[in-house]
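With chain R held as given, fit chain L onto it using these hints.
Those protein sequences? They're chains R and L, same order as listed.
Sequential numbering of the first sequence, starting at 1, is according to our numbering.
Sequential numbering of the second sequence, starting at 1, is according to our numbering.
Partial chain L-side listing against chain R, Cβ under 7 Å, derived: (1) Ile13; (2) Ala51; (3) Leu55; (4) Asn56; (5) Val57; (6) Glu58; (7) Phe63; (8) Arg66; (9) Ile71; (10) Phe80.
Pulled from the structure, derived: some chain L residues nowhere near chain R, Cβ distances all over 12 Å: (11) Ala26; (12) Gly104; (13) Ile105; (14) Thr205.
What the hints contain is simulated information worked out from the structure, not anything from laboratory work.
Quick caveat, the model's predicted, so the values are computed rather than measured.
Idealized CB from N, CA, C, for every residue including glycine.
This is what each chain is made of:
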Amino acid sequence: MSAEFDEARLVRRLRRRDEHAFTWLVRTYQDRVFALVFRMLGDRAEAEDVAQEVFVTVFKRIDQFRGDSQLSTWIYRIATNHTRNRIKYLGRRHHKRKQDIQDTRESDIQRPMTDPHPRPDRAAEGRQFERILQRALAELDDTWREVIVLRDVELLSYAEIAEILGVAEGTVKSRLFRARTALQQRIEALTDG
Amino acid sequence: MTEIDDQTLERIIAWTDGELDDEARADFEAELERDEALREAVASYRATLDALPTLNVEAPVDFEQRVQRRIRRRSRGRFFNPEAQQQRMQAAVFAAIAALLLGGIALFSSSGPIRLLWTDEGSGEVAPGEGSGEDATGEDRTAPLDAPPADEDADTTTGDGVTPARLTDPPRPDPGTPEAGSGAATSGLETVDPMRVSWAYTVQTDMDIDALRTRLGDEFGRAVRIADGGFEVVVPAREHAETLRALGRLGEVSRERVERPAVLSERVFVVRPAP
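Just chain L, same shape as in the assembly:
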């Protein structure tokens, strides 16, 4: 192999990377034409560069299963465990039935319509501008593998967004909301009209309506529906925090407390284009 001095090698590398200016490149290529040793050196350098990608190796065939086993072990069987998955599904079905039964009993035993005591405050999510930046703080918000994921409020609920304990909790004072029902409490449940205390989120964006439709369609697919003056994004309750973050990238998010009839397992976000 030809001996290459540092200066020549520097020029070869710069030429190979296309980093010589026009004049320097022309000079180098002219020299390349007449200097056989330089041609050999370039060929040798290129052979090295060409060969390097072939040094890639493949992971072992059972790599994926080994990763899954490791996660299963560290999470004490919570993830990548078919049995646990089946148990979770059974538990979710059981909890849903129990919630329905409880709701039914409460309806029959109360003198008026019932409000289930659920507010967004309990789900752990924070509105943009209040520290919800997913990792802007650099803080490790990830729970250990044996604990539920931080943003999966569904894991602490019956599956429909209702925390079971709340069904028997005393009502929390809500100064921001009009007292919608001052009827007598029955069985620990507030007997008010069927309105849910909740946050109404509105996103005001600079995008025009067509661009907004495309963007929301790409991001949320069938969860988007046309609403008065804009769109509504309807997502499962457990996706509340992520949806807030995603919408926060489109424009300013504002929120206000409202009482309205709503499906407990869903969250609705109103997105409006620039006027």
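Looking at chain R on its own, in the form it has when it is part of the complex:
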């Protein structure tokens, strides 16, 4: 967090509905929130809508932030709740989810900076593996996908995930174990198939 906005000061300014502070917050968290929501929903248009709602909620409800956890954890919790609600809503409407997962645009993916010019054959292999990974992830049960995205995509700690999901750390670990096992098995099946 920048010196301009240490967390306590940022929260004070957000509570005053300081637009400059809120804009800074959106710029800082928009990619993380969008990625989380998109990976959970698998639908770009729905993800954009939900991610925007997350920030509207932050703007509206910042007075409810107690400061017991980090602000980022609180934002992730809002994002997770909004996403779960949307999944339920779409489920009721028999919405066809996950259609965008396989269609993730090349330019959307954040690639590691270590190899900016990979060999074409390796790059093609990598893209193929990414597609398999995306599909395997999309096919996971929502509860498992949620924990994989928070831990292995967003790289949050067990404690943060426990806080966000409102479960014990032990539950996070066991859920993650099952999720990773299922993901790995799904990848193997897709690779062999």
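For chain L alone, kept in the frame of chain R given last:
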């Protein structure tokens, strides 16, 4: 890809997460040395883990503007609206001028000094221990986007902490405060000496003076000034409630009603270290 049974996968995950004890880890690593299939399985699992963070995606380029538009629409133009911002500034300037004019007229038409009828009670904030815990109750205190924020008392005032209506309201009885002026009322304004009925807040903390100086400096910056036996935190009136909450985290806050000369747009909190 190598077929992995559940038990092997469980060990691989525990090893990758560093959750095996020394003996189990040594056993696993020895097995890894001699078992090519296990090495392949570990490599495959790691490839999955390494690839997952690359699945991150970026928000659309105009995401920020879309969020702002949504808030502007829901707040009926109250936020993220340059025109409304300009109008608010003009209104604040106009209100300040009007307040000055009213004050001037009242001064000339009264027989003595004037007390503007403002007390902290009107600003909606509550002292710690009286239900001011920001969300301890879990209650949604946030106003809808088309209403002023709950803790922004400045929004209902002329900008200097004075609610305009109060200028003509009859004086409220104040049993806790000595009757400082019983002079005749003029033009609806109480004509007493220029003392303001207010709360004096004192925070007694266990921190030593140096730690307290650093903490207050970090939290409030230039708003802190040295006072007798401690520090004073001087903040704009609209930050009263937040400041109370912040100071409440340092130690016990007590308050008493006093009459004193004060700048209406400011709040002063006295913070004292442990003796």
